[in-house]
Each structure stands twice: as structure tokens, then as C-alpha cells.
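Student: As given, the protein sequences belong to chains A and B, one line each in that order. So the first sequence is numbered by the UniProt record's numbering: it starts at 1 and just counts up by one. So the second sequence is numbered by the UniProt record's numbering: it starts at 1 and just counts up by one.
Errors might be hidden in some of the hints.
[Claimed, not checked] Think about it this way: if two alpha-carbon atoms lie no more than 25 Å apart in a straight line, the pair counts; the simulated SDA-like pairs of lysine to any residue are:
| # | chain 1 | residue 1 | chain 2 | residue 2 |
| --- | --- | --- | --- | --- |
| 1 | B | K268 | A | G354 |
| 2 | B | K270 | A | A286 |
| 3 | B | K270 | A | G354 |
| 4 | B | K270 | A | P131 |
| 5 | B | K268 | B | A351 |
| 6 | B | K268 | A | A341 |
[Said to hold, decoys possible] Reference excerpt, derived from the structure (chain A facing chain B, CB under 10 Å, subset only):
| # | residue |
| --- | --- |
| 7 | P102 |
| 8 | D289 |
| 9 | E346 |
Hints were generated in silico from the structure; no laboratory data involved. We treat Cβ as the ideally placed atom computed from N, Cα and C, and that holds for glycine.
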Amino acid sequence: MDFRLDDDQLALQAGMRQLLERCFPRERLREVVDAQELRGVQRGGRQGDRQGDRQVVQGSQDFRGASTGWDVGCALWRELGEAGFFSLRLPERDGGVGLGMPEAVLLFEEAGRALVPGPLVATHLAAGLVPGAAEGTRVVTALTGPGMAEHLGAADSVLLLDGAGARVMATDGGTGPRVLDARPVQSVDPLTPLYAVQELPSPALTHLTAGGDGGRLRSEATLLTAAQQLGSALRTLDMAVLHAGTRRQFGRPIGSFQAVQHLCARMLVRAEIARSGVYAASLTMAGCDIAGAKLLADEAAVRNARDCLQVHGGMGFTWDADVHLHLKRAWLRREQWRTPAAAEEELAAGLLAGDGYGAA
Amino acid sequence: MDLTCTEEEEDFRQRLRAWLADALPRLPPAPSPADWPARRAYDCSWQRALYDAGYAGLHWPADAGGQGATPAQHLIFLEETELAGAPYVGANFVGLLHAGPTIAAEGTAAQRARWLPPILRGEEVWCQGFSEPEAGSDLASLRTRATRDGDAYVVTGSKIWTSHAEVADWCELLVRTDGSAPRHRGISWLALPMDAPGVTVRPLRTLAGSAEFAEVHLDEVRVPLSYRVGAENDGWRVTMVTLSFERGTAFAGEVVACRRTLARLAVKAKENGRWDDPVLRRRLGRLSAEFTALWRLVQWNVSAAGHALRNGGSGVPGTGGSVFKLRYSQARQELYDTAAEVLGPASLDAAEEWTAQRLSSLSYTIAAGTSQIQQNIIAERILGLPGGR
Ligand SMILES: Cc1cc2nc3c(=O)[nH]c(=O)nc-3n(C[C@H](O)[C@H](O)[C@H](O)COP(=O)(O)OP(=O)(O)OC[C@H]3O[C@@H](n4cnc5c(N)ncnc54)[C@H](O)[C@@H]3O)c2cc1C
Numbered sequence: 001m002d003f004r005l006d007d008d009q010l011a012l013q014a015g016m017r018q019l020l021e022r023c024f025p026r027e028r029l030r031e032v033v034d035a036q037e038l039r040g041v042q043r044g045g046r047q048g049d050r051q052g053d054r055q056v057v058q059g060s061q062d063f064r065g066a067s068t069g070w071d072v073g074c075a076l077w078r079e080l081g082e083a084g085f086f087s088l089r090l091p092e093r094d095g096g097v098g099l100g101m102p103e104a105v106l107l108f109e110e111a112g113r114a115l116v117p118g119p120l121v122a123t124h125l126a127a128g129l130v131p132g133a134a135e136g137t138r139v140v141t142a143l144t145g146p147g148m149a150e151h152l153g154a155a156d157s158v159l160l161l162d163g164a165g166a167r168v169m170a171t172d173g174g175t176g177p178r179v180l181d182a183r184p185v186q187s188v189d190p191l192t193p194l195y196a197v198q199e200l201p202s203p204a205l206t207h208l209t210a211g212g213d214g215g216r217l218r219s220e221a222t223l224l225t226a227a228q229q230l231g232s233a234l235r236t237l238d239m240a241v242l243h244a245g246t247r248r249q250f251g252r253p254i255g256s257f258q259a260v261q262h263l264c265a266r267m268l269v270r271a272e273i274a275r276s277g278v279y280a281a282s283l284t285m286a287g288c289d290i291a292g293a294k295l296l297a298d299e300a301a302v303r304n305a306r307d308c309l310q311v312h313g314g315m316g317f318t319w320d321a322d323v324h325l326h327l328k329r330a331w332l333r334r335e336q337w338r339t340p341a342a343a344e345e346e347l348a349a350g351l352l353a354g355d356g357y358g359a360a
Numbered sequence: 001m002d003l004t005c006t007e008e009e010e011d012f013r014q015r016l017r018a019w020l021a022d023a024l025p026r027l028p029p030a031p032s033p034a035d036w037p038a039r040r041a042y043d044c045s046w047q048r049a050l051y052d053a054g055y056a057g058l059h060w061p062a063d064a065g066g067q068g069a070t071p072a073q074h075l076i077f078l079e080e081t082e083l084a085g086a087p088y089v090g091a092n093f094v095g096l097l098h099a100g101p102t103i104a105a106e107g108t109a110a111q112r113a114r115w116l117p118p119i120l121r122g123e124e125v126w127c128q129g130f131s132e133p134e135a136g137s138d139l140a141s142l143r144t145r146a147t148r149d150g151d152a153y154v155v156t157g158s159k160i161w162t163s164h165a166e167v168a169d170w171c172e173l174l175v176r177t178d179g180s181a182p183r184h185r186g187i188s189w190l191a192l193p194m195d196a197p198g199v200t201v202r203p204l205r206t207l208a209g210s211a212e213f214a215e216v217h218l219d220e221v222r223v224p225l226s227y228r229v230g231a232e233n234d235g236w237r238v239t240m241v242t243l244s245f246e247r248g249t250a251f252a253g254e255v256v257a258c259r260r261t262l263a264r265l266a267v268k269a270k271e272n273g274r275w276d277d278p279v280l281r282r283r284l285g286r287l288s289a290e291f292t293a294l295w296r297l298v299q300w301n302v303s304a305a306g307h308a309l310r311n312g313g314s315g316v317p318g319t320g321g322s323v324f325k326l327r328y329s330q331a332r333q334e335l336y337d338t339a340a341e342v343l344g345p346a347s348l349d350a351a352e353e354w355t356a357q358r359l360s361s362l363s364y365t366i367a368a369g370t371s372q373i374q375q376n377i378i379a380e381r382i383l384g385l386p387g388g389r
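Hey, can you work out the whole structure from these sequences and the hints?
Tutor: Okay, structure coming up:
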């Protein structure tokens with residue numbers, strides 16, 4: 001047993017962080033977010049009529065739509081593709097990097113930390129199943145059943161993971177919402193457009209991809225989403241500690257007040273416990289470990305964002321601070337793949353079945 | 001990252017398993033929790049059995065009489081003994097987990113030879129005399145005074161909350177040897193023989209009704225200078241070594257026990273129908289994630305300590321122990337609160353094992369540094385926030 005990041009893993013983590021600092025720096029993030037804000041203003045207040053809202057939503061939140069003033073979506077996807085983000089786990093003979101889930105988890109943690117938008121998990125899962133996904137030349141989103149689909153308008157393909165196998169549906173040219181008869185939703189997360197899907201197409205409409213094991217893909221998606229939550233939880237902890245050390249009130253840094261210190265200490269504990277769970281699950285890939293990792297990472301991401309907001313005071317309630325972006329993304333990911341309720345039920349059932357504990 | 005056992009570790013596990021399967025059925029029945037002398041005898045005979053089988057002081061260095069096992073092997077030991085239902089370290093807790101490691105790290109050759117073998121053989125029991133009525137969380141404010149008189153210290157003062165004091169042979173005692181020095185600089189670490197003239201032990205009754213700890217009054221007790229471990233006035237540093245041991249792995253085995261307890265609780269809920277309540281069921285599911293992750297956190301901390309050891313470090317668990325202790329103590333309380341939900345009115349029967357455990361779990365957020373103190377440590381030493389107010 002040596003449950004530590006080895007030198008290669010540390011280098012991979014640092015490399016990814018540097019790459020994201022370069023190709024998705026905070027200024028880029030804010031550019032995109034603030035374009036959203038302007039739309040909101042043009043809309044003429046929050047109580048705009050429904051029809052108007054809908055058009056704005058559709059126009060502004062498209063992952064690669066020029067109307068956002070953000071035409072970096074494609075470029076970013078391609079850069080991530082070149083860096084091996086999507087092909088990481090493909091064997092080298094298939095043009096992949098040949099690494100495994102422990103390494104993938106580290107990359108997704110970094111993406112969560114940097115709030116990288118886009119259907120990262122689905123595109124990563126699609127590498128090897130959908131041509132172009134591995135290289136980042138095709139954007140792939142996913143659905144496990146009726147519900148919210150992210151980035152449907154920008155997706156070239158949709159992975160349907162509602163059964164034993166994976167089905168792939170082509171949605172080139174932004175046809176996704178129409179093909180799935182999806183209704184755009186005014187997403188709480190400014191960087192993740194959402195579409196409500198009532199019904200998945202019948203199996204007859206899409207072909208079954210060979211080798212796509214639905215159960216395995218759903219487990220991997222759950223864990224990679226948990227890794228993003230972990231990254232977000234660690235980032236909001238950093239933000240809170242930084243602010244607590246610099247903001248002064250009553251003649252001293254607010255981080256010297258015990259009430260603030262203890263908020264930050266509990267943030268660290270949440271993140272560390274989630275980290276242990278996520279990293280261990282990436283090694284065992286056991287169902288209960290993955291469910292537990294998602295549960296704890298969801299809690300860490302959401303609670304840490306809330307506490308980070310509190311530490312920032314009034315600034316924390318503004319659009320300009322990044323805190324709300326972490327919170328909103330954390331809320332969104334919490335609903336994806338394995339909700340806390342589903343994870344808890346799975347873990348409870350595991351207790352009776354004798355899983356998830358004992359040796360190893 | 002690797003969670004699998006090396007061949008050597010797997011061998012170790014299998015040998016231990018085989019030995020436990022043979023040794024445990026031969027144990028006498030466990031004594032009543034209220035009968036301290038019987039508990040001491042039971043705990044010590046178990047320690048003797050471990051010693052005879054070569055498992056005593058597993059993680060202690062070989063030159064301290066230990067087996068020089070790796071941290072990973074130590075963890076396997078904690079896991080396997082717990083899974084097999086072996087006795088808990090009990091009365092030997094302080095000897096094996098605080099006083100012994102401190103003497104091993106800081107004692108002279110003569111001190112090691114005098115004190116360590118009897119700890120490993122289960123012949124001498126130690127207790128910990130740190131806390132005082134006026135010095136709890138603020139341990140460095142302790143007042144028990146030791147003044148030199150010839151070849152001995154003369155010690156006067158009061159200790160409180162001393163676990164197992166009634167059955168202990170020795171006490172690791174913190175005393176003030178220099179009243180004029182800054183608080184942390186005037187403290188020394190002494191080994192106090194509990195049968196020395198002037199030592200009075202008065203049992204204190206815990207909220208569970210039992211006498212787990214005691215007050216220890218010291219009235220001009222003579223302690224030979226040679227019983228001081230570490231330099232005079234360097235006791236604070238010596239003590240910090242001990243405390244990191246305590247927070248690092250002392251509770252690791254208990255996490256395994258909690259996972260087993262949780263599984264038993266799930267079965268119980270299924271039997272009595274409470275399982276059908278989704279709120280309760282989900283609470284049980286959540287606890288499963290919690291204890292699994294806590295075990296992983298132990299493995300994470302222990303791997304870091306092992307790595308540091310291989311690179312010439314001390315192998316003393318780091319501040320990660322505070323993270324673990326804070327979360328574990330909460331989770332343990334949550335476990336037994338949930339047990340009470342499962343039991344319903346039966347949880348009001350203090351004779352129920354679950355209820356006794358629920359009561360005892362209340363001490364976990366206080367003993368070995370309160371949760372607030374752990375949060376102070378995390379905020380200041382890990383996060384580097386400015387000194388608290
Ligand atoms: C079951 C049990 C066994 C024990 N066994 C032993 C033993 O064998 N040997 C031994 O020496 N001691 C032992 N102790 C004592 C234990 O270490 C102390 O109880 C503990 O350190 C707290 O000290 P205190 O009781 O004086 O509480 P106090 O220090 O008075 O604390 C009271 C409250 O104030 C809070 N507080 C204090 N200071 C701060 C601060 N700076 N910031 C924020 N909050 C603060 C605490 O968190 C707590 O909530 C035992 C305790 C228990 C419960």
C-alpha cells in the first residue's frame with residue numbers, strides 16, 4: 001500500500017493546472033460569464049416575458065454560439081483534445097495516452113478547480129466510441145434518461161446511457177434540441193446551458209455501439225463528476241483562505257477571528273475526506289466506493305462554496321466574485337449521474353449486502 | 001497511488017489471520033466493564049499473547065524492542081485484529097500509544113531498557129497525567145510543580161481526567177520545572193510510579209455511571225531525576241511528539257470497528273422494520289460513505305508518514321491527524337445517535353450495548369483535544385491563517 005500521488009501523477013496534475021491557466025485563465029472565464037450578464041440587462045430585468053427569455057437563453061448560452069461573444073469553445077475543446085484530456089484512457093495503440101482512472105480523476109479535479117465549462121465527462125467517455133471525441137473535434141453530451149441535458153445545442157453527438165449499452169445519437173449542426181424535442185431552460189449556471197428532455201428516443205432510432213458498457217460508463221461518469229466537485233471544493237477553500245488572510249476588519253485580518261477560522265477548517269476537512277474517497281474509488285472502481293465518493297464530493301463542493309460565500313461577505317453575493325459560479329456548478333453536478341439520495345440508497349443497500357467494508 | 005498489498009504485506013496479513021484464528025478462541029470470557037482489575041488482567045494477558053507471537057510494538061523501532069514494521073503493516077494489524085474481533089488495546093492504550101513511543105523516541109538507553117519491555121509484555125500499565133483542573137485545552141498553563149531536591153524532584157499538584165489511573169503502575173506526568181520561563185519552556189516530562197508515597201487517586205464517575213478516569217493528587221511526591229525523559233524544561237516538545245501519535249493512528253482500528261457496527265445496525269433496522277423509513281435508511285447509507293472515506297484518510301495519512309520515514313523523517317503522523325480526529329469523532333457520535341433512532345424506545349435502556357456506546361461516544365469530541373482545538377490547529381497550522389482571537 002502506498003496511497004499517495006506518485007511523481008508522474010504529481011507532474012500530470014501540475015501540467016494540467018498550467019495548461020488550464022494558459023488556455024482557460026480567469027479572464028477568459030469572466031469574459032464568458034460577463035457576456036451573459038449583459039444579455040440579462042438587455043432583457044430588461046428579471047421579470048421578462050417567457051417568450052423573450054427563451055430566445056435569449058437559446059441564443060446566449062449555446063456552448064459555441066458566436067452570439068455569446070465567446071468563440072473559444074471549439075478552440076478550448078481542441079486544446080484539451082491535444083493535451084490528451086479526452087483520450088487519456090484510450091490505449092496507446094488507439095492513439096490514446098494509455099493511463100487510467102486515477103489519472104483521469106486528477107485531470108477532472110483540475111477542470112473542476114478552473115470551472116472549465118462544457119460536457120467534459122461525456123466527451124471523455126465518448127473517446128473511442130464516437131470518432132473525433134478523443135481529439136476534441138466533436139463535442140459529446142450525455143443523458144441517462146429524461147431530465148436535463150447540458151450543452152445539447154452545441155453537441156455533435158449525444159451518448160444515451162439509459163440502459164445496458166451505450167447508444168450514440170448524431171446531432172450535428174445544433175440539431176440536438178430539435179431531435180430530442182428538448183425545451184431550453186434558463187440554466188442557473190451561466191456557463192452550462194440546459195435543456196429539458198421529456199423522453200429518450202426509442203432504441204430503434206439509434207444504433208447500439210459495440211463495446212459500450214452502460215453500467216461501467218455511468219460509474220466512470222459518476223466518479224469523474226465527483227472529481228470535478230472535489231476540485232471545486234479545493235478551489236473555494238483556497239479562495240476563502242486567501243480572502244480571510246487579506247480582508248481586514250476591526251483592525252485585523254478576518255482570518256484571525258475564530259468563527260472564520262473554524263469555517264475554513266471545516267472546509268478543509270470536507271475537501272480532504274472527499275479527496276480520500278475520490279482517489280480511493282479511482283483505484284478500486286467498486287460501486288459503493290464510487291457512490292460514496294460522489295456523495296462526499298457533492299457535499300464538499302456545495303458546502304464549501306456556501307462557506308466561501310459567507311467568508312466573502314457582501315462581495316460573495318455579487319456577480320463579479322467567482323463564488324456563485326462554483327456554487328451553481330456544484331448544484332448542477334450534484335444532480336448529475338448519482339444524486340445524493342441515489343448514492344445513499346445504494347450505500348444503504350450495500351450495507352445489507354456486506355459490500356463496501358471489510359478488508360482492502 | 002496504490003491500495004493493494006505488496007506480497008510481503010499480504011504474507012503478513014495471512015500469517016496474522018491464521019494466528020488470530022488460533023489465538024482468539026482460547027481467550028477467557030471478557031470481564032464486566034465495571035471491574036477494572038479484571039479488565040486490566042484481561043487486557044494484559046492479551047498483550048502478553050501478542051508479545052509471545054511477535055506482534056507487540058509492531059510499529060516501534062527494533063532498537064526499542066519493536067518489530068520495526070512499516071506503517072502499512074501496522075494498519076493491516078489494526079484492521080485484521082478488529083475484523084477478527086480481537087480485544088481492544090484497553091488499559092494498555094497509554095503505554096503502547098503515548099508513553100511508550102515517547103520513551104522510544106526521547107528516552108536514554110537505560111530508560112528504554114527499564115520501561116519499554118514491560119509495556120510490550122503487558123506487565124506494566126501506564127496512564128497519562130497531563131490535564132489539570134485549570135489546564136485543559138490550554139495544557140501549557142499547567143501548574144503541577146516539581147522542584148529539585150538532591151537526586152529527585154519533589155512534585156506537588158493535581159491532575160484530572162486521568163484514564164485508567166486506578167489500575168496504572170506508571171503515569172506519564174507533565175510538570176512545571178521552571179516557573180519563571182515562558183509557559184512552553186518550563187515544562188518537563190516525568191515517569192511517575194503510581195505507588196509512590198504522596199499519590200492519591202480519587203475515581204471520578206463519568207456520565208455513563210462508570211469510573212473510567214480519576215483525579216490524581218500529588219503531595220510532595222519524590223520522583224528520581226533519572227525518571228525524567230528528555231531534557232529539563234523540554235517536556236512540551238517531548239509531549240507534542242506523543243500527541244501526534246495519539247491523533248495519528250490511535251483511532252484507526254476503531255474506524256474498522258465502526259464499519260462493522262454500522263453493518264450490524266443495518267441488519268437490526270431491517271429486522272425491526274425501521275429500514276422502511278427512507279430518511280433513516282439514507283442516514284445509514286451516508287454513514288457508510290463516511291467510515292469508508294475515513295479509513296481511506298487513515299491510509300492516506302499513514303502513507304504520507306511512511307514516505308516521510310523512508311526519506312529520513314520521524315514517521316510521526318503529521319497534522320493530517322487533526323483532520324481525521326475531528327471528522328471521526330463526529331462520525332462516531334452520529335453512528336450511535338443513528339443507532340438510537342433504529343432502536344427507538346429501547347435506546348432508553350442503559351443496559352443496551354448500543355446505549356452504553358452512545359454515552360461513551362460523547363467523550364470523543366472532547367478527549368485528546370476538543371473539536372474546537374482541532375479546528376484551531378487546522379486553521380493555523382495547515383491553512384496558515386493568522387493567530388486566532
Ligand atoms: C473520557 C476522557 C478521557 C480523558 N483522559 C485523559 C487522560 O487520560 N489524561 C489526561 O491528561 N487528560 C484526559 N482527558 C482530558 C482531556 O484531554 C480534556 O478534557 C480536554 O483537553 C479538554 O480540556 P477541559 O476538559 O479542561 O475543557 P476546556 O479546555 O475547559 O474546554 C471547555 C470548552 O471550551 C472550548 N475551548 C477551550 N479553549 C478554546 C479555544 N482556544 N478555542 C476555542 N474553544 C476553546 C473547548 O473546545 C470546550 O468546548 C480525558 C477527557 C475525557 C473526556
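Student: Compare the structure with the hints numbered earlier in the document and write down the numbers of the violated ones, lowest to highest.
Tutor: 4
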